[in-house]
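Q: Taken in sequence, the protein lines are chains V and S. Position one of the first sequence corresponds to residue 188 (this note's numbering), numbered consecutively onward. Position one of the second sequence corresponds to residue 153 (this note's numbering), numbered consecutively onward.
Hints in this document: simulated from the structure, not taken from any laboratory. Mixed in with the good hints, there may be bad ones.
[Said to hold, decoys possible] Cβ-to-Cβ under 10 Å is the rule here; a few derived chain S residues that face chain V: (1) 190; (2) 191; (3) 192; (4) 197; (5) 220; (6) 226; (7) 232.
Note that beta-carbon positions come from the ideal geometry of N, C-alpha and C, so glycine has one too.
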Amino acid sequence: MGRQMTEMLKGTLEGIVLAVLVMRPAYGYEITAWLREQGFSDIAEGTVYALLVRFEQRGLVDVEKVPSQKGPPRKVYRLNATGHEYLEEFWRTWSFLTERLEQLRQGGG
Amino acid sequence: MAAGWIEQLTGSFKDKKRYRDYKARSRQLPGSYREAVEALDRYLMYRGLITDGDVLVSMLGDLLDLFEQGAANGTPVRELVGEDPVEFAEVFVRNYSEGQWINKERERLIRAIDRAADDRPGAPGSAGDGQTL
Chain V
188 MGRQMTEMLK GTLEGIVLAV LVMRPAYGYE ITAWLREQGF SDIAEGTVYA LLVRFEQRGL
248 VDVEKVPSQK GPPRKVYRLN ATGHEYLEEF WRTWSFLTER LEQLRQGGG
Chain S
153 MAAGWIEQLT GSFKDKKRYR DYKARSRQLP GSYREAVEAL DRYLMYRGLI TDGDVLVSML
213 GDLLDLFEQG AANGTPVREL VGEDPVEFAE VFVRNYSEGQ WINKERERLI RAIDRAADDR
273 PGAPGSAGDG QTL
């Protein structure tokens, strides 16, 4: 992954993970695997996990521990009402940024 | 390293017990995962300067959860930590920043700048003197 991609992902990965969770509840491994399939090939599972911990701390997700056949129970993250609101705000910010950037690219706003 | 800072956890036997549990759990990890946890543990201790024992043990517990899960799924260490372990550690440690002494200094800085940029009429740097932007 290029340097620019890494820097831009820093600011957007939070929204990306929330957008994945809006589709269905998931655990960290699943989210990372899905993102890798979608072309975010260098995303570390640990980075996604760190964001999930943050979502939990901020009350954006409800967490359920589901027993696993192998290893410790898995934490399944489900976006709650606060999380949905937060994601809405992310999309509004994203739209603002992309519109303004597109104007700049077209030669000034 | 561990012996040094654990003594700084003032008085909390519960935190100490949780820390011992964490150590015992991390010893159960397969070799490469254990090595990675030890390396991250060390870095997070230096980097975080977390003074709250409870926050600190929670951080280590969360770290261990990730690696236990990774070991169970057979996810390679590189895929857990990524190409840039420092970046991962920085993202991770931010979640536990409420225990960081630097926050007190950040608040202090904010208050000092608030005072310096005060909007009181006639005060230096106030909104009325045309110098603010």
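Q: Taking the closest Cβ pair, is residue 190 of chain S under 10 Å from chain V?
A: Because about 15 Å separates residue 190 of chain S from the closest Cβ in chain V, which is outside the 10 Å limit, the hint is violated.
Q: Given residue 197 of chain S as an interface hint, is the shortest Cβ-Cβ distance to chain V below 10 Å?
A: violated (17 Å)
Q: Does residue 220 of chain S pass the interface hint, meaning its C-beta sits closer than 10 Å to a C-beta of chain V?
A: Given a least distance of 5 Å, the restraint on residue 220 of chain S holds.
Q: Residue 192 of chain S was flagged as interface toward chain V. Is the shortest Cβ-Cβ separation under 10 Å?
A: holds (9 Å)
Q: Given residue 226 of chain S was flagged as interface, is its beta-carbon under 10 Å from a beta-carbon of chain V?
A: holds (9 Å)
Q: Using Cβ atoms only, decide whether residue 191 of chain S comes closer than 10 Å to chain V, and label the hint accordingly.
A: violated (13 Å)
Q: Under 10 Å is the threshold here; is the Cβ of residue 232 of chain S close enough to any Cβ of chain V for the hint to stand?
A: Holds, about 5 Å.
Consistency with the previously given hints fails for numbers 1, 2 and 4, ordered from lowest to highest.
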